[in-house]
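Colleague: Sequence:
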Amino acid sequence: MELQRQYAAFQEAGTEVIALVVAPIASVDGVRRTIGATYPLLADPAHRVAEAYGVYNLLGDGRAAPAVFVIGTDGRIVWNYIGQHANDRPGPGTILEQLP
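Residue numbers for the sequence shown follow the working numbering, so the first one is 2 and each next one is one higher.
These aren't lab readings, by the way, just hints derived from the structure by calculation. Take the hints with a grain of salt, since some may be wrong.
Label-pair restraints from in silico Cβ distances [as the list claims (entries may be wrong)]:
id	residue 1	residue 2	range
1	Ala9	Asp62	12 to 22 Å
2	Ala10	Thr74	17 to 27 Å
3	Glu13	Asp62	31 to 41 Å
4	Ile72	Glu13	13 to 23 Å
5	Glu98	Ile26	14 to 24 Å
6	Pro46	Ile72	13 to 23 Å
7	Ala10	Asn58	16 to 26 Å
8	Gly76	Gln12	13 to 23 Å
9	Gly15	Asn58	30 to 40 Å
10	Asn58	Glu13	18 to 28 Å
11	Gly61	Ala10	32 to 42 Å
12	Gly61	Tyr8	15 to 25 Å
Think of the CB as a built atom: it goes at the ideal place given N, C-alpha and C, for glycine as much as any other residue.
Take the sequences, apply the hints, and build the full model.
Modeller: Okay, structure coming up:
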């Protein structure tokens, strides 16, 4: 998808894209095939990571809200975007502009 098409630009910027899949580990390969991702996908079946970042059930639908977190090398969040509906996501260009 769009993020995959820009993945090389993220790598050239010295960053890594990691997508969180709030689903069982067994479903990650299916998600990878569906979106065509070559970047890492991490399973969060118990939604612990989504809860820790405050995006689980944020929209009241029992799912993780679409969100992007840019995390610096010091482990701190330097930018984030939390969507207001299922398709509310920033484009890769917007994310690239936020990189430190």
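Colleague: Each of the hints needs a verdict: does it hold here or not?
Modeller: Structure-based check of each hint:
1. Between alanine 9 and aspartate 62 the CB atoms are about 33 Å apart, so this pair departs from the stated range of 12 to 22 Å.
2. With their beta carbons about 19 Å apart, alanine 10 and threonine 74 fall inside the hinted range of 17 to 27 Å.
3. Remark: the range hint 31 to 41 Å for glutamate 13 to aspartate 62 is upheld by a beta-carbon distance near 36 Å.
4. Checked against the hint of 13 to 23 Å, the C-beta distance between isoleucine 72 and glutamate 13 comes to roughly 18 Å, which is consistent with it.
5. Against the hinted window of 14 to 24 Å, the Cβ-Cβ separation of glutamate 98 and isoleucine 26 comes to about 33 Å, which falls outside the hint.
6. Remark: the range hint 13 to 23 Å for proline 46 to isoleucine 72 is upheld by a beta-carbon distance near 22 Å.
7. A beta carbon spacing of about 32 Å between alanine 10 and asparagine 58 contradicts the range 16 to 26 Å that was offered as a hint.
8. For glycine 76 and glutamine 12, the Cβ-Cβ distance of about 20 Å falls inside the hinted range of 13 to 23 Å, so the restraint holds.
9. Range check, glycine 15 to asparagine 58: about 34 Å between beta-carbon atoms, so the 30 to 40 Å window is met.
10. Taking the beta carbon of each, asparagine 58 and glutamate 13 are about 36 Å apart, not inside 18 to 28 Å as hinted.
11. Between glycine 61 and alanine 10 the beta carbons are some 35 Å apart, a value that agrees with the proposed interval 32 to 42 Å.
12. Checked against the given bound of 15 to 25 Å, the beta carbons of glycine 61 and tyrosine 8, roughly 32 Å apart, lie outside it.
Hints 1, 5, 7, 10, 12 from the earlier list are contradicted by this structure; the remaining hints agree with it.
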